[in-house]
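Q: Just so you know, the sequences run in chain order B and S.
Per the working numbering, the very first residue in the first sequence carries number 14; after that it's consecutive.
Per the working numbering, the very first residue in the second sequence carries number -7; after that it's consecutive.
Quick caveat, the hints were computed from the structure, so don't treat them as lab data.
Be aware that one or more of the hints could be misleading.
[Said to hold, decoys possible] Computed cross-link-like contacts, BS3-like style, restricted to lysine-lysine with a CA-CA straight-line distance of at most 25 Å: (1) B:K294 / B:K437; (2) S:K119 / B:K401; (3) B:K294 / B:K194; (4) B:K194 / B:K315; (5) S:K99 / S:K168; (6) B:K571 / S:K237; (7) B:K211 / B:K294; (8) B:K437 / B:K524; (9) B:K81 / B:K223; (10) S:K169 / S:K21; (11) S:K119 / S:K92; (12) B:K294 / B:K459; (13) S:K99 / B:K488; (14) S:K169 / B:K401; (15) S:K92 / B:K488; (16) S:K119 / B:K488; (17) S:K99 / S:K119; (18) S:K144 / S:K7.
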Amino acid sequence: MIDRKKLLSNTERVSQNTLSRYIDMIGDHALQFLVLGGVVLFIFYPLFCVFLRSFHSADGFTFSQYAKVITEESTALWRSVFVGSFTSVLCTILSVVFSLFISTRRGWQKIIFTALLIVIMVSPPFVSSIAYIQLYGRRGWITYNLLHLNIMPYNQWGIIAMQTISFVPINALMLNGLLAKIDRSVINSARDLGAKAKDILKDVVLPALKPGIIVCLLLTFVRSLADYGTPAIIGGRFRTLASQIYIQFMGAGNIDKAAAMNMFLLVPSLILFFIYRHFMKKMNSNSSSRRQDAHLNLPLHKSGVIGWLIMGIGLLYSLIMTLQYSSIFLSAINRTGSKIFSFTTEYIEKVFTYNASTLYRSLLYAFIVSIIGSLFAVIFSYYVERRKVRFGSVFDCIATLPYMIPGTCFGIGFILAFNSAPLKITGTALILIINMLFKQLPTTTKMCAASLSQIHVAQENSARDLGAGRLAVIKDVILPGMRPAMLTCFIYNFTSSMTTAGAILFLVAPKTLLAVFKLFDATYTGEYGVASVIASLIIIVVLLVEGLVFLLTSYLEKHNVSGTRTYQKELW
Amino acid sequence: MYLELEHIKKSFGDKTVVDDLSFSLEQGKLLCILGSSGCGKTTTLNMIGGFLRPDSGRIILDGQDITEMTPEYRPVATVFQSYGLFPHMNVIQNVTYGLKFRHIDRKDAIERGERYLDLVGLHEYSKYRIDELSGGQQQRVALARALAVEPKLCLLDEPFSNLDAALRVKMRVELKKLQEELGITMVFVTHDQEEAIILSDFMTIMDQGRLVQMDTPENIYRNPSNSYVSEFLGLKDIVWGEDGKIMKVIANEKL
Ligand SMILES: Nc1ncnc2c1ncn2[C@@H]1O[C@H](COP(=O)(O)OP(=O)(O)O)[C@@H](O)[C@H]1O
Ligand SMILES: [Mg+2]
Chain B
14 MIDRKKLLSN TERVSQNTLS RYIDMIGDHA LQFLVLGGVV LFIFYPLFCV
64 FLRSFHSADG FTFSQYAKVI TEESTALWRS VFVGSFTSVL CTILSVVFSL
114 FISTRRGWQK IIFTALLIVI MVSPPFVSSI AYIQLYGRRG WITYNLLHLN
164 IMPYNQWGII AMQTISFVPI NALMLNGLLA KIDRSVINSA RDLGAKAKDI
214 LKDVVLPALK PGIIVCLLLT FVRSLADYGT PAIIGGRFRT LASQIYIQFM
264 GAGNIDKAAA MNMFLLVPSL ILFFIYRHFM KKMNSNSSSR RQDAHLNLPL
314 HKSGVIGWLI MGIGLLYSLI MTLQYSSIFL SAINRTGSKI FSFTTEYIEK
364 VFTYNASTLY RSLLYAFIVS IIGSLFAVIF SYYVERRKVR FGSVFDCIAT
414 LPYMIPGTCF GIGFILAFNS APLKITGTAL ILIINMLFKQ LPTTTKMCAA
464 SLSQIHVAQE NSARDLGAGR LAVIKDVILP GMRPAMLTCF IYNFTSSMTT
514 AGAILFLVAP KTLLAVFKLF DATYTGEYGV ASVIASLIII VVLLVEGLVF
564 LLTSYLEKHN VSGTRTYQKE LW
Chain S
-7 MYLELEHIKK SFGDKTVVDD LSFSLEQGKL LCILGSSGCG KTTTLNMIGG
43 FLRPDSGRII LDGQDITEMT PEYRPVATVF QSYGLFPHMN VIQNVTYGLK
93 FRHIDRKDAI ERGERYLDLV GLHEYSKYRI DELSGGQQQR VALARALAVE
143 PKLCLLDEPF SNLDAALRVK MRVELKKLQE ELGITMVFVT HDQEEAIILS
193 DFMTIMDQGR LVQMDTPENI YRNPSNSYVS EFLGLKDIVW GEDGKIMKVI
243 ANEKL
């Protein structure tokens, strides 16, 4: 039994010796400094460098770079705006249609179309462009072999089409989230009251999508503005500002001018970013967390012409996507340029002889980014959301910036910021890993913040109460509690690291070439077979890793939930 | 006195939540803070536990000024309203968590943890995961966890509010027995008049951040200091047990 005398004498206390107390305090501050300082150093500072550099010339401060951009690059500037606007409108319409199409599927159709969406989401960039050239190019399977046409597809319409179909899935996913929030009972009772499906579409569904549509328009415009890969590959002589920056950068361009050109991308992106944040808040505020059917009970085939149109376009888009992926996988094993299918392992062998190390390196970096990135995101959001550090919202805003920063800006910013002592890391693996980590931070911190609200403050307080210092709280309460969020972050980090070009093409060095770079390089130089092999490998590897992580989590969950002990009723 | 609060004040923004609160408590006694929801009970408890810093005033425990001490060094342990159990640890890991920081070796810690689990009637449950327990069992784990660090003062914030009525009555009796047996000093927060009257050695009645009356339940019942207290208590009668303790309270008919 408990010895009452001894209990009341209260002998053991948490040692209040100053050393361990200071270690805890210093550790806590160091960790906080690390995450907050990291965000400032690796997001804010590079952008600030671009800003400063744009006013730089041999004899000091100047606006001449801006004047140069306006006179020399005005064509590219207008082309960017033209492509951006066109893509943004087209892509938003297609995204709304496709999300309605997906959300109204049920049963096996739902499985098939969701699977298609997943494959698209894990795909590397430029696959649309590669497939486009293979199918509709000068020697395209469809245009040349099938229709005997000899057309030049390297122009603005190609860019707009490729950007549009590539940006649809991510937009559709976001819109699906909104559709899932629509109260199913509103739809069902409206139908009871005799509303036709097309009225429901007009009166209930579209109004609910409105903030999402605005966000789509904004995001797509910025993505199009920032995309330098597509125009570089299939734009031909039609160059947008972003592709012009990349092409000039590769050809030993003028970095002062490149900085000024980037400001023309950065400023509109930032303005749109703040508008986006405003609408995002609105979208999140009117959320209902009620559990309900995932599928929208709205029979499209009974919704008149509009319904049929949505079905038709949804199917057509899915068909185009299927064609695209088939063409990528086939191009990997088919001799490029052959009229009929001619099997070859040439490209696969080529990739494994010359590019195997690149693939391993990509995998290695992606794993490093995933592990450090998830930890970083958890700790960052803990300090900002839970500990309410001073100026937390400013740090949060900085951490969200990379979501909208064009890759050209982020890339050139990193080169400007980290090309001299004491922080000379250009050309190393470190700069790539850091860049990927911070590029992905906006999404991972969002995931962590959402999950953090599930950990009750009483858990933290209990730990402190029982004697845990601040670091012990992070180690014993926050990190274990955030395990599910960290897995989600891991998957996101891994997929993005394997499939995003972003600033990577600016930062790779001969010793740190990555698969995405090789993919771009092969596409750019017309080695479509090799490009297809790399693209296919990336897709397969990412799907494999995601599948493994998924299996692992469900295995762990199963083992936890159905323990050997069954629930027993109250004993007292 | 063992525990003393002197002129404690706390506001959030321009809203004063606890206003010039003073009281004291002898060692080994149980004090109930009774008041309607939102009157500042949790805020008061959080200041005693070290989770909030009072704007002014002092808190003294066993002759030591603990006002500025952070929670991990305070010889105080809290049972939170939502328990705050660690879901990723099993029962015994939860109960022995605080012993990690007191340089007690693992074997002794587990032994002690099991003794306290025994005390709350959960000795068979030491390897269970938290979500395998019922609400009442979780409540007891939280209590065992707080007691296992053998604090000078134990704080309980509406610990029974998530339990059903029958279980609440049972837990009440057990808690009182445990507290008397071990001679632990406790501050217990509740908005339930009956719970307060039956558990307390002393009772304070709070209204809008101020202390209205502090005395033994019996004295408060006999001499409510003002009409607020008598109306808030709403007592018609008290049934006394053979040992001279309050057994049951009979409330006025609610309108
Ligand atoms: N962190 C806080 N910020 C602002 N107001 C608070 C905070 N915590 C509590 N309050 C307010 O203080 C008042 C007292 O709260 P609380 O101590 O939780 O009451 P009780 O526990 O008695 O129900 C409430 O009106 C509550 O809204
Ligand atoms: Mg309370």
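Q: Next, verify each hint and record whether it holds.
A: Checked hints:
1. B:K294 / B:K437: violated, 38 Å
2. S:K119 / B:K401: violated, 36 Å
3. B:K294 / B:K194: holds, 15 Å
4. B:K194 / B:K315: This hinted pair holds, its Cα atoms lying about 23 Å apart.
5. S:K99 / S:K168: Judged against 25 Å, a Cα distance of about 30 Å means the pair is violated.
6. B:K571 / S:K237: Measuring from Cα to Cα gives roughly 51 Å; hence the hint is violated.
7. B:K211 / B:K294: At roughly 29 Å apart (the allowed maximum being 25 Å), K294 of chain B and K211 of chain B break the hint.
8. B:K437 / B:K524: This hinted pair holds, its Cα atoms lying about 16 Å apart.
9. B:K81 / B:K223: Judged against 25 Å, a Cα distance of about 40 Å means the pair is violated.
10. S:K169 / S:K21: holds, 12 Å
11. S:K119 / S:K92: holds, 18 Å
12. B:K294 / B:K459: holds, 12 Å
13. S:K99 / B:K488: Judged against 25 Å, a Cα distance of about 22 Å means the pair holds.
14. S:K169 / B:K401: Cα-Cα ~41 Å, so violated.
15. S:K92 / B:K488: OK: K92 of chain S and K488 of chain B at ~13 Å, within 25 Å.
16. S:K119 / B:K488: Holds, because 22 Å separates the two Cα atoms, which is no more than 25 Å.
17. S:K99 / S:K119: holds, 15 Å
18. S:K144 / S:K7: With Cα atoms ~32 Å apart, K144 of chain S and K7 of chain S exceed 25 Å; violated.
Hint violations for this structure: numbers 1, 2, 5, 6, 7, 9, 14, 18, all remaining hints satisfied.
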